Every structure is written in C-alpha cells, then in structure tokens.
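Visitor: Using the sequences and the accompanying hints, generate a full structural model.
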Amino acid sequence: MASVTYEHVTKKFSADTTAVDDLSLSIKDTEFMVLVGPSGCGKSTALRMLAGLEDITAGQIKIDDQVVNQMPPRDRDVAMVFQSYALYPHMTVFDNMAFGLKMRGSSRTEMDSRVKEAARILRLDQLLARKPRQLSGGQRQRVALGRAIVRQPRAFLLDEPLSNLDAMLRVQTRIELQKMHQRLGTTFIYVTHDQVEAMTMGDRIAVMKDGILQQVAPPREIYDQPVNMYVAGFIGSPRMNFLPVTISDHQAKASGLELNLPKAPGVAHGIIGIRPEHFLPNVSSDDAVIDLKVEVLEVLGADQYLYGKVGSDDLIARVDPQLKVSVNDRVRLGVNMRRLHLFDAETEKAVF
Amino acid sequence: MASVARLKMGKPGTGRIVGDKLVARAIRIYIPLLLLLVVTLFPFYWMAVTSFKSASELFDFSVSPLWVREPTLDWYKHLFTQTNFPHWALNTAVVATVSTLISLFCSVLAGYSLARLRYRGADSIGWGIFVTYLVPPTLLFLPLTFVIRDLHLFNNLWALILTYPTFLIPFCTWMLMGFFKSIPRELEEAALVDGATRIQAMFRIAIPLALPGILAAALFAFTLSWNEFLYSLIFLNDSLVKTIPVGVTQELIHGDEFFWGELMAAALLGSVPVAVLYSFFVDHFVAGMTAGAVKG
Numbered sequence: 007m008a009s010v011t012y013e014h015v016t017k018k019f020s021a022d023t024t025a026v027d028d029l030s031l032s033i034k035d036t037e038f039m040v041l042v043g044p045s046g047c048g049k050s051t052a053l054r055m056l057a058g059l060e061d062i063t064a065g066q067i068k069i070d071d072q073v074v075n076q077m078p079p080r081d082r083d084v085a086m087v088f089q090s091y092a093l094y095p096h097m098t099v100f101d102n103m104a105f106g107l108k109m110r111g112s113s114r115t116e117m118d119s120r121v122k123e124a125a126r127i128l129r130l131d132q133l134l135a136r137k138p139r140q141l142s143g144g145q146r147q148r149v150a151l152g153r154a155i156v157r158q159p160r161a162f163l164l165d166e167p168l169s170n171l172d173a174m175l176r177v178q179t180r181i182e183l184q185k186m187h188q189r190l191g192t193t194f195i196y197v198t199h200d201q202v203e204a205m206t207m208g209d210r211i212a213v214m215k216d217g218i219l220q221q222v223a224p225p226r227e228i229y230d231q232p233v234n235m236y237v238a239g240f241i242g243s244p245r246m247n248f249l250p251v252t253i254s255d256h257q258a259k260a261s262g263l264e265l266n267l268p269k270a271p272g273v274a275h276g277i278i279g280i281r282p283e284h285f286l287p288n289v290s291s292d293d294a295v296i297d298l299k300v301e302v303l304e305v306l307g308a309d310q311y312l313y314g315k316v317g318s319d320d321l322i323a324r325v326d327p328q329l330k331v332s333v334n335d336r337v338r339l340g341v342n343m344r345r346l347h348l349f350d351a352e353t354e355k356a357v358f
Numbered sequence: 086m087a088s089v090a091r092l093k094m095g096k097p098g099t100g101r102i103v104g105d106k107l108v109a110r111a112i113r114i115y116i117p118l119l120l121l122l123v124v125t126l127f128p129f130y131w132m133a134v135t136s137f138k139s140a141s142e143l144f145d146f147s148v149s150p151l152w153v154r155e156p157t158l159d160w161y162k163h164l165f166t167q168t169n170f171p172h173w174a175l176n177t178a179v180v181a182t183v184s185t186l187i188s189l190f191c192s193v194l195a196g197y198s199l200a201r202l203r204y205r206g207a208d209s210i211g212w213g214i215f216v217t218y219l220v221p222p223t224l225l226f227l228p229l230t231f232v233i234r235d236l237h238l239f240n241n242l243w244a245l246i247l248t249y250p251t252f253l254i255p256f257c258t259w260m261l262m263g264f265f266k267s268i269p270r271e272l273e274e275a276a277l278v279d280g281a282t283r284i285q286a287m288f289r290i291a292i293p294l295a296l297p298g299i300l301a302a303a304l305f306a307f308t309l310s311w312n313e314f315l316y317s318l319i320f321l322n323d324s325l326v327k328t329i330p331v332g333v334t335q336e337l338i339h340g341d342e343f344f345w346g347e348l349m350a351a352a353l354l355g356s357v358p359v360a361v362l363y364s365f366f367v368d369h370f371v372a373g374m375t376a377g378a379v380k381g
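For the protein sequence lines, the chains are E and Y, in the order given. Numbering (the numbering used here) for the first sequence: 7 to 358. Numbering (the numbering used here) for the second sequence: 86 to 381.
The hints are all genuine.
A short list of chain E residues far from chain Y (calculated; beta carbon distances all over 12 Å):
| hint | residue |
| --- | --- |
| 1 | 255 |
| 2 | 343 |
| 3 | 346 |
Where chain E lies over chain Y, by a calculated footprint (3+ residues, C-beta under 8 Å):
| hint | region |
| --- | --- |
| 4 | 274-281 |
| 5 | 290-304 |
Quick caveat, the hints were computed from the structure, so don't treat them as lab data. Since we're looking at a predicted model, the values are computed, not measured. We put the CB at the ideal spot given by N, CA and C, even for glycine.
Guide: Shown next as structure tokens:
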C-alpha cells in the first residue's frame, strides 16, 4: 500500500520526441487511478517510469515519500501486468507466479501457500502445472494477475490488461478487477485507451493527450465538467456534439440553431457541446429547440441513435427507441440547457 | 499431409486424376530432391567406397570404381598405426570444442547486450563486429602471424584456440543478436519488476528462451573450427599438433604421390563427427537458420 506522486515528470526519447511533458499527479493510497488517452499519449510511458523500466528525463517520482528515480525496478516493490501478459513461456503457471517470490528469497512453503491462495482466487488451481501456451487468453490473463498478487506489492501497475480479451471476457474481468481492488486494498494504477474501462473502474481518471495531462477527476466530474473540448470528446460514447457558434452577449448562433445562454461568456466565437443523451424528447416553451434532419438510424434495443444534420452541422442524438422516426424525417428535439457546454473556439477550453 | 487429404477426398472414379497428381508431385518435388541427394552424397560415397578398397583394387581400372569387391580395413589400421591421425583428430576436437566454448561465451554476452541494452555506440559496435566478420582470413592471417609469434604460440594449439574466435565471435554474435531480438522485451521487463536483476533476467529468462539459437550458433561455430584450414596450416608445423584438414593434406600427399586409401579414410572419419552432431540437432539447426524471420 502506497501513495504515488509524479512531480513535473518529463520523458524525452530524443530531443524532439517528448512522450510525457511535465506530468504532475498524485495518487492516493489504495486509490484506483486510471490513466486514459489515445495511443501515443504517454500514458504507458508514465506507468513504465513508475515501474523503473524507463529513465526519467526530468522531475521526480515518489512512492510514499521516497524518490525512486534512481531505484532499480526490483527495489520499488510494485507489480506490473503487461498488455501481452509477458508470461515466461518456458515455465509452468506455478513457476510463473512464484518467480517474484523466488527472486525475493521466500521460503518454499511460503511460496507454495501464496501461489495456491492466488490460484484459488483466480480459479487457476487446476492449471498450475501447465505451460502458458496451453492456456486460453483469459487464463493467461489471470496468470498475469496472479503473478502480480502473490507478491503483495505496494502498488499494482496495469498496462492495458484487458485489450487482448474478447468483449464478453473483458466485461467480466473488469468486474473481477474491481472486486480484487476492493479485497486487496492496494493502490491500482491502470492504463487504458478505453474510456468505458476508465469510467467504470477508476476512482479518479487522468486524461492525457500528447504527453500532457488534461484533467484529473472522478468519473462523474470528468463527464459532467470536462475542462476542454478534448476531454469532452474523449469521454462519452457516442462522442459529444460540437457546434461552432458566434456569440453576441447572451445570444449564441449556430448554422441551424439559436440559443439564449444562461450568462454572457465574454467570447465572440465559441463551440457548443451537447452530449447525444442530453436532448429532450418533449419540447417545452422555454427550452431551446433544434430541428434535426435524420440521415441514418441506429436502433440498439435499449437506445436509438439518430445521425443527421442541424443546419450544416453534423449531430448525433440518443432518443427513446419507441420514438417512431424514419430516414429523411425532421425531428424536433429540445436541448437540455443545464447540460450544455460552451468552449472557447480559440483555446478549446471550457467556458462552462 | 496435403496430398493424403487430397487422396482421401477423391471421389470414386477420380483415381486417374489422383494418379496424375502423384506424377506431377514426383516431377516437381521428389525427382529434383533425388538429384540433389545424389550430387550431395556422391563424394561421401566415393570416399567411403575408396577407403575400403585394397591397394590392388584401388588401381585396377578394369573394374567399376563404384563398388568394392573385397572390403578391407587396411587403410584404417594404417591410418591409426602408421600416421599421426589419432593426434590430429584429438587436436581438432580440442581446438574446435574450446574455441567454440570461448566464442559462445563472448557471443552470448555481446549478442545480448547489443540486442537489449541501450548504450552509446551500440549500433556502431554492432556494425563494427559485422565488418570484422567480412575481413577474409587470407588477409587477417598476416597480422595474426605477428601476434602469434610475439606470444610464442607457434606449434601450439592455443594459436588456433585464440585465433578462431576472430571469425567465430562476429558470426555467432550476429546470429544470437537476432535471436535475442526475437524474444519479447516485456518478458525481461516483467522479470525486472518481479525482483530480478538484469543478470538474473538474462540467465533465467532470455538465455533459456534463446537456447535453440545458442545451440545452432554452437553447431555453426564447431563446424567452422573443425574444418578450418588456413590458420591451422600457417600456425602449426609440427606433425603432432596438426589438425585433421592440414594433417591429411600435408602428410597423406607427398608431392605428386597420393595415398588414396588413407586420404579417403581420414576424410571420412573427419566428416563423421560433424555429420553426427548435425543429425542430432537438425531441428534446432533449422530453427537457428530462420531466426528472426518468424516471430515467436
């Protein structure tokens, strides 16, 4: 159990490739922190620096209150689960899980009991004598987790551990990971490019882009109050609609829409952000109204998505699946003004 | 396998077509293979047949040279009692084994470090080693002669044990570098996080996984040193310290007089150990040849 602190951490692979740029982030003891962002955003590099697998170009990383910049990986007492699982192909499941204990000089009996315990939790009891190539993807993934938990480390580092699993197994393992986190009470640092994993698992989410940390907040807050257009667009599926508007005083005008803003934003050019799920089916007189020309329909059973145009802007709306709509219809939808976002067109930062 | 499947799937009445396929297969695969086999094995056959012929039969041009009528072991007896062949064989074995071990030790470390560790100049060192390998022994023997002279190693097996690595190490290093590169880096990273030192990660993870490659490199190195001729010819003069290739060509040929029986017997015995080694490790050998081509 430990807290982890990044203080102005920078990683340059060469003079002009900066993987992580001035990252400051503090992760509390027992917290489940998710680093999320597209590939190449520096999230994995940030994790690897914490594990000691990459040098730190500038700044420092602390585990508890100890600076670990120069500490070799083996002394950091963290466990890591790799995307490829990185199981040792020439060792049995038992030996894979016992490797860390062996390296730390645990006794044979302790090794035995700890591996057996982890195997029981992960339902690997029957597979201990097998080699990794004789296991299914899900089983390999559990061995990789097992290898991490037998160590009883101060922190778990997980680098996209679910991305090689099929969709059903992914959901199942996601839930198991959360249970595991609750049971172990250890700090988890989890890297993913999948915003659903981030939203469902994280106590807090750190959104990264191009090596720069955009926002750190609990999932709810990231969703409700994104600090900029990038975070707003990255979290939520389908992504938030962005409509460019020109603003004069309280009035915002898009190509097919006019809104009365709750307060004067003080910028001339803005971008309105409305999540697809924040349209109102029943239009009341004081709501803003859009007129959506439907081009494509997607009925998913529980939801119905309308893809179409408002004026000259593309827009997606999630509506009640019972609503009878067909292609080329014009649908009137109310805009939930309380869920409306406005971004400065120039800086892309949130105005509200 | 494929042809069996095709045969089984053939419907009644398609026997003719299947037969045609077999003929096509024979023409495409088996006949060329057979020809290749004949060409490759004929020298060995000639060697073997000649070594068992008596002196009179050897020079009797009235009978077919392809067969032995009265096999005899005379040449072998002669080889072991009248020449220094036993010494040569032992020398060759010692030199090949020791130089292979030395080269392998250096190459495993060099190959690993070039494949894995990021240090200044790693690339240029890698290329340097490769270029060294391209320098032909026919050029290198000149400076090496001075080195051997200054070390007072003429007529000493150490002259070969120390010079063979000059071509074995570059060769094995390049081969093993490819092998280590094909092992996913994360395996060792996982070991490092699990509490291993770099050396432990190397010995417990990388080397066991590179074993097929190491074995293949060992085989190549052993073969190269077993057959080496030039350095052996230059650095060793005393009959007792010669290796098989040099001993055979120098002492079983006197001017224009060829002792064909002994020559063939010695050549055959000289090629047996390598052939045996290859047959044992043929799978690893093939794995070594394709290293880096296929991941996994």
